[in-house]
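Position chain Y relative to chain C; hints supplied.
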Amino acid sequence: GESVGLHLPTLSVQEGDNSIINCAYSNSASDYFIWYKQESGKGPQFIIDIRSNMDKRQGQRVTVLLNKTVKHLSLQIAATQPGDSAVYFCAETPEAAGNKLTFGGGTRVLVKP
Amino acid sequence: KAGVTQTPRYLIKTRGQQVTLSCSPISGHRSVSWYQQTPGQGLQFLFEYFSETQRNKGNFPGRFSGRQFSNSRSEMNVSTLELGDSALYLCASSSGGVSEKLFFGSGTQLSVL
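Protein sequences appear in the order of chains C and Y.
Read in order, the letters of the first sequence correspond to residues 1 to 113 in my numbering.
Read in order, the letters of the second sequence correspond to residues 1 to 113 in my numbering.
It is worth saying that the hints were derived from the structure and are not from the lab.
Values in this document were obtained by computation on a predicted structure and should not be read as measured data.
Check before you lean on any hint, since a few could be wrong.
[Unchecked claim] List time: in silico DSS-like cross-link candidates among lysine-lysine, alpha-carbon distance up to 25 Å:
(1) Y/K57 x C/K100
(2) C/K68 x Y/K101
(3) C/K42 x Y/K13
(4) Y/K101 x C/K100
(5) C/K42 x C/K71
(6) Y/K57 x Y/K101
(7) Y/K101 x C/K56
(8) C/K42 x Y/K101
(9) C/K100 x C/K42
(10) C/K71 x Y/K101
[Claimed, not checked] Looking from chain Y toward chain C, a few residues come up when the C-beta cut is under 10 Å (computed):
(11) S31
(12) G58
(13) L81
(14) L88
Note that beta-carbon positions come from the ideal geometry of N, C-alpha and C, so glycine has one too.
Excised from the complex, chain C in its bound form (with noise of 0.2 Å):
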């Protein structure tokens, strides 16, 4: 995985604005693919998930958009809320793999009141 902690990509954004947060994936095998949040202190939270043969789809406030071309993920969060500070993160696998998840680095959304 790539490095996080003191080098984790921050995005800070108001209260209120929608957030978007990118994710380049490595393996073209990969069919399935992952947002999760992390809240300190807690594990990984599901978010919504799409499959190769889409290239968009929404949630609850979110939308996850997937460009295979070109090897790219991305988060759209609307509205963004105080609760929404966390660290994302993308995952990718084949399916054949099973749930073995690769994961990016992370990007840490800071909320501003």
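Okay, now just chain Y, sitting in the frame of chain C:
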């Protein structure tokens, strides 16, 4: 439903010792995966167990091992601890199909002195 439970929450060991971590999955879940999280390497897959059999394995040395019991509870063991084994060890469970939503526990924070 109770979530994924990991014990202990914190652990301090010295180099050369061994340690056993425990994970109780969500009731009905048959797959348990283990991940190591460090500031430098991020989240890395250790192994996955399904129906008491190791289904997937990551790139960790043989000092890292695991097992799953008939009630789906899982343990992982690290022998001959090294300073670099200090990390948050996360357990995740799922119902067992491939590419299914993983539910993570809060982890065991291991410090090796």
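Hint check:
1. Y/K57 x C/K100: holds (8 Å)
2. C/K68 x Y/K101: With a Cα-Cα distance of about 21 Å, the restraint between C/K68 and Y/K101 holds, given a limit of 25 Å.
3. C/K42 x Y/K13: holds (22 Å)
4. Y/K101 x C/K100: holds (12 Å)
5. C/K42 x C/K71: Violated: C/K42 and C/K71 sit about 29 Å apart, past 25 Å.
6. Y/K57 x Y/K101: holds (19 Å)
7. Y/K101 x C/K56: Judged against 25 Å, a Cα distance of about 18 Å means the pair holds.
8. C/K42 x Y/K101: holds (17 Å)
9. C/K100 x C/K42: holds (20 Å)
10. C/K71 x Y/K101: holds (21 Å)
11. S31: holds (6 Å)
12. G58: holds (7 Å)
13. L81: Status violated, d = 21 Å.
14. L88: holds (8 Å)
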